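Visitor: Order-wise, the sequence lines are chains L and R.
Converting from the first sequence to my numbering requires adding 122 to each position, the first position being numbered 1.
Converting from the second sequence to my numbering requires adding 122 to each position, the first position being numbered 1.
Treat the hints as calculated values from the structure; they're not laboratory data.
Errors might be hidden in some of the hints.
When chains are identical, the list treats them as one kind, so a pair holds in a single copy or across two.
Said to hold, decoys possible - Keeping only pairs whose Cα atoms sit at most 20 Å apart, straight-line, the calculated DMTMM-like set for lysine to aspartate or glutamate is:
#1 Lys140 - Asp129
#2 Lys304 - Asp521
#3 Lys401 - Asp416
#4 Lys420 - Asp614
#5 Lys524 - Glu566
#6 Lys212 - Asp521
#7 Lys524 - Glu564
#8 Lys674 - Asp144
#9 Lys140 - Glu311
#10 Lys300 - Glu565
#11 Lys524 - Asp535
#12 Lys674 - Asp306
#13 Lys140 - Asp641
#14 Lys178 - Asp605
#15 Lys401 - Asp424
#16 Lys524 - Asp561
#17 Lys674 - Asp605
#18 Lys420 - Asp400
#19 Lys300 - Glu153
#20 Lys674 - Asp608
Only a predicted model underlies this, so the values are computations on that prediction, with no experimental measurement involved.
There are 2 protein chains.
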Amino acid sequence: MMDALFDRHQPTLAAALKAAQDRGYWSAYPEIPSGKIYGETAKDDGLASYRAHLGKAFALPGHPATTTVGAEVSPFGATLDITYPAADAKTLIAASQAAAPAWAATTPDVRVGICLEILARLNRISFEMANAVMHTTGQAFAMAFQAGGPHAQDRGLEAVAYAWAEMTRTPVQATWTKPQGKADPIVLEKHWRIVPRGVSLVIGCQTFPTWNSYPGLFASLATGNTVIVKPHPGAILPLAITVSIARQVLAEQGLPADAVLLAADAPGAEITRDLVSDKTVEIIDYTGSNSFGDWVRKHAGDAQVYTEEAGVNSIVIAATDDFAGMCANIAFSLSLYSGQMCTAPQNIYVPRGGIETNEGHKSFDAVAQAIAVAVDALLADPTRAAGVCGAIANPLTADRVKVARRLGRIVRDSAGIEGLPEARTATPLILTVDGDQTDAHEEERFGPITFIVAVSDGADAVARAAALARRKGAITAAYYGTDETDILSAADSFAAAGVNLSVNLTGGIFVNQSAAFSDFHVTGANPAGNASLTDAAFVANRFRTVMWRRPKAA
Amino acid sequence: MMDALFDRHQPTLAAALKAAQDRGYWSAYPEIPSGKIYGETAKDDGLASYRAHLGKAFALPGHPATTTVGAEVSPFGATLDITYPAADAKTLIAASQAAAPAWAATTPDVRVGICLEILARLNRISFEMANAVMHTTGQAFAMAFQAGGPHAQDRGLEAVAYAWAEMTRTPVQATWTKPQGKADPIVLEKHWRIVPRGVSLVIGCQTFPTWNSYPGLFASLATGNTVIVKPHPGAILPLAITVSIARQVLAEQGLPADAVLLAADAPGAEITRDLVSDKTVEIIDYTGSNSFGDWVRKHAGDAQVYTEEAGVNSIVIAATDDFAGMCANIAFSLSLYSGQMCTAPQNIYVPRGGIETNEGHKSFDAVAQAIAVAVDALLADPTRAAGVCGAIANPLTADRVKVARRLGRIVRDSAGIEGLPEARTATPLILTVDGDQTDAHEEERFGPITFIVAVSDGADAVARAAALARRKGAITAAYYGTDETDILSAADSFAAAGVNLSVNLTGGIFVNQSAAFSDFHVTGANPAGNASLTDAAFVANRFRTVMWRRPKAA
Chain L
123 MMDALFDRHQ
133 PTLAAALKAA
143 QDRGYWSAYP
153 EIPSGKIYGE
163 TAKDDGLASY
173 RAHLGKAFAL
183 PGHPATTTVG
193 AEVSPFGATL
203 DITYPAADAK
213 TLIAASQAAA
223 PAWAATTPDV
233 RVGICLEILA
243 RLNRISFEMA
253 NAVMHTTGQA
263 FAMAFQAGGP
273 HAQDRGLEAV
283 AYAWAEMTRT
293 PVQATWTKPQ
303 GKADPIVLEK
313 HWRIVPRGVS
323 LVIGCQTFPT
333 WNSYPGLFAS
343 LATGNTVIVK
353 PHPGAILPLA
363 ITVSIARQVL
373 AEQGLPADAV
383 LLAADAPGAE
393 ITRDLVSDKT
403 VEIIDYTGSN
413 SFGDWVRKHA
423 GDAQVYTEEA
433 GVNSIVIAAT
443 DDFAGMCANI
453 AFSLSLYSGQ
463 MCTAPQNIYV
473 PRGGIETNEG
483 HKSFDAVAQA
493 IAVAVDALLA
503 DPTRAAGVCG
513 AIANPLTADR
523 VKVARRLGRI
533 VRDSAGIEGL
543 PEARTATPLI
553 LTVDGDQTDA
563 HEEERFGPIT
573 FIVAVSDGAD
583 AVARAAALAR
593 RKGAITAAYY
603 GTDETDILSA
613 ADSFAAAGVN
623 LSVNLTGGIF
633 VNQSAAFSDF
643 HVTGANPAGN
653 ASLTDAAFVA
663 NRFRTVMWRR
673 PKAA
Chain R
123 MMDALFDRHQ
133 PTLAAALKAA
143 QDRGYWSAYP
153 EIPSGKIYGE
163 TAKDDGLASY
173 RAHLGKAFAL
183 PGHPATTTVG
193 AEVSPFGATL
203 DITYPAADAK
213 TLIAASQAAA
223 PAWAATTPDV
233 RVGICLEILA
243 RLNRISFEMA
253 NAVMHTTGQA
263 FAMAFQAGGP
273 HAQDRGLEAV
283 AYAWAEMTRT
293 PVQATWTKPQ
303 GKADPIVLEK
313 HWRIVPRGVS
323 LVIGCQTFPT
333 WNSYPGLFAS
343 LATGNTVIVK
353 PHPGAILPLA
363 ITVSIARQVL
373 AEQGLPADAV
383 LLAADAPGAE
393 ITRDLVSDKT
403 VEIIDYTGSN
413 SFGDWVRKHA
423 GDAQVYTEEA
433 GVNSIVIAAT
443 DDFAGMCANI
453 AFSLSLYSGQ
463 MCTAPQNIYV
473 PRGGIETNEG
483 HKSFDAVAQA
493 IAVAVDALLA
503 DPTRAAGVCG
513 AIANPLTADR
523 VKVARRLGRI
533 VRDSAGIEGL
543 PEARTATPLI
553 LTVDGDQTDA
563 HEEERFGPIT
573 FIVAVSDGAD
583 AVARAAALAR
593 RKGAITAAYY
603 GTDETDILSA
613 ADSFAAAGVN
623 LSVNLTGGIF
633 VNQSAAFSDF
643 HVTGANPAGN
653 ASLTDAAFVA
663 NRFRTVMWRR
673 PKAA
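With these hints in hand, go ahead and build the complete structure from the sequences.
Guide: Written as structure tokens, this is what we have:
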């Protein structure tokens, strides 16, 4: 009985629906990598499971394959030496299409039950996933656990909850009774069903292979579409594990495992363009650069395209009543995962004449210096530095840091991390520039590169940051100020630019953080992406509602 | 106090929301053109108001204009001789952009109140609108009243209700409290607002200028976008009246009238392509041909595009237990507005060997003949024929009927309507063809052209009709049969092809009819359109939700 899965997970679904409506704090999957929660041996078991993948062919029973691929190298040093079954786009799409009718014929509760079971099993292997994410993305273990495990699962659940809400908005049947004056009314019985769009494609990124892929994956799957998961060739393992679990659950329920496929490919021989261009693909979820995002949007034909691309995130410092807290908070935001988050700030706008603080007036240079010192303090201990910064996922990012050193005056230089001698590492590079004399900071420079930009005043800072967001996109913005009118004005300006804004963050919450069920991630209202994780628009167009009607028997 | 409008119309909104959820029969605006409902002098007043437009410059105070256009000719014979203010695409878009900030800054309740007031005023002038629609589309008066007035208003209200539901789904603010073990929790206050996409464009068609335009117009307007309404050059008046009322309400509320603009243009010098291609336009609602729809979808850039295009609608006759009722019902569907509804059937599939009925076995020819006779009977009285068929909107449709006579064996020839000597008229042409010997019926042939197609049996008929719907699109389908298993199987087949199906209609309900709040019009799941009127997907992506957050003061 397939609905058993739905019944089992119904309390989780109900709580998720309520959380998404209230938008207070809620999480279904514990973010603390604790043996008390996940089992005393979970950490060791997860590591062992991860290690068991190394040097082997990853098994996906029954998965279409004409060859194998795999060239993952951990940013922490080791070669993973895992191979994956692979096939060309046509083969994968044909297999997905073959699985489509049976998957489309399931009811929403069956599909949602299966999605929630997949998420529950993913949660159970969060330690294995943490290692897989760590050694493909370069995230430090704690972050890889949270962002790659429970937080990604929460984002998947959020998509399932929204999909459920949308699919059940129209009744399965209704009676339509139209009065006809003194004559008998016309009475029709009407029946509605959910019809999926067809084959969907999820294109993952290297830095957050699960977190950024789960919303599209689960939104499409829950609404009845088959899904082809295309991982970044440098971060296949986390999505291979995900696909493997999804296929197991599907097969157990007597449904075609090929409703979820892995489109593994080799660096330099990616099949992404073939998949995107195929007219059979009806839905595309894409996370990645704006330039390839532009290509995807142009070549997707009539497919629905949901993107998270990139932008230039800004912090505006107009004033603060907690100078030390502000600097420490910003230092962590700049250092976390070495600035490789799509939510990490790049530009910090500070008035040329300095700012007023609880510690008195601070000149522009004093503000820049204090932020640099706060980063130094945060990263002084090599173990802690390793735990905050992790490693650099892509060699191009390390190169970008070197080149960026010429773009301004260096306030804090980037360096390797002593505690990770075999890893590719880089701590934050902090430069100062004058906003009137350069526009070097107006390009996205992905990685641990920060510009402290001298501008006229707080209002000028907001205007520049918001204009840049409109032009180049931005996913986050932060504002520090003490005047309520200025704060509300900044909120208006960034809202008009389609950027979510954090104001006066100090302590243990950071502008980079985006919490499922409360924070929408990306607004879809500027070039940083055309969709939001997760709102109704993200799910409502992944299916259609089709009716049949007939006169109702008396 | 602007919210007064929202308060005044809140009961209508509440009833619309409930109706959209229940999907039983409901209508906000009475469809009966009765003096008892609309006022004893409403009919005469409406005609007088319509006549007052003729031969004059249509006044849209403050509307951008660099020239005037206008060349409408009633399909019933008379020249309207009305001119409208007109400007090029750039001028209109600039005016729309100038109005955008003030309109975007209004709250959802203010916008929804204004939309509902516009609809209420449109309802009050339904008789004027009926004449305007009649003399631009060729619809007979009763149909022009219903489809152009109350039914269009219901579709507008439906869009407003869905927009309201989506905009109010996320709270305006919430408190986010994240536990921190034994430490104090992190507490943030979060604030959300609705941010519209920007300038939207509604491209109307000639046959249903209001019914097909109101959903997009009101969905975009309610969600905070400014709207440029581009009427078909042959049917400007109904939308000019609509825009005029919208601008009046906006101006009364101290808001820029240019939030709603009319993009009137001249036949042969349409500005549609300029409007579609402009990157400023963020949303496009289009009703029209597949060929131009294809152009719109290709040239809209990153704009959201919602289309109702066209398709080939089919009826399958497998069997019936009410042969006379079936033939009469089909006859009306073929004759109504001379087949110029996007929901009108074109193909009627009948088994070569005939069908079983309550009147015994009927051969293929007998079925075809009986449908033809039913049309003759329906249209025997010239006054009734005029009231059912109306006139032909576009001369090309009349030409198409002439050409189509060669495509099969004529069972019933098309003819003019005696009661309308000055009008362009054409009663249904009915042809028989063999489905194995021609595919002439597989092209859309818009207008009063019907093919009765000989096929193997009911299952073959369903398979052909559903396959055609997948390939060419279809908005409606009908099935006549007596076997419950076959009926459910037909429902599955047409659902998979994305077509709403009507089964065994006899009496006063017709396959062409689509009722707001119950029938979704177009599914968006086949080439007949990519959107549905009205579901959540139609409104949810017309705006984005943007947040700001900060630590909550203790």
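Visitor: Which hints from the list above does the structure break, by number from lowest to highest?
Guide: 2, 4, 6, 10, 14
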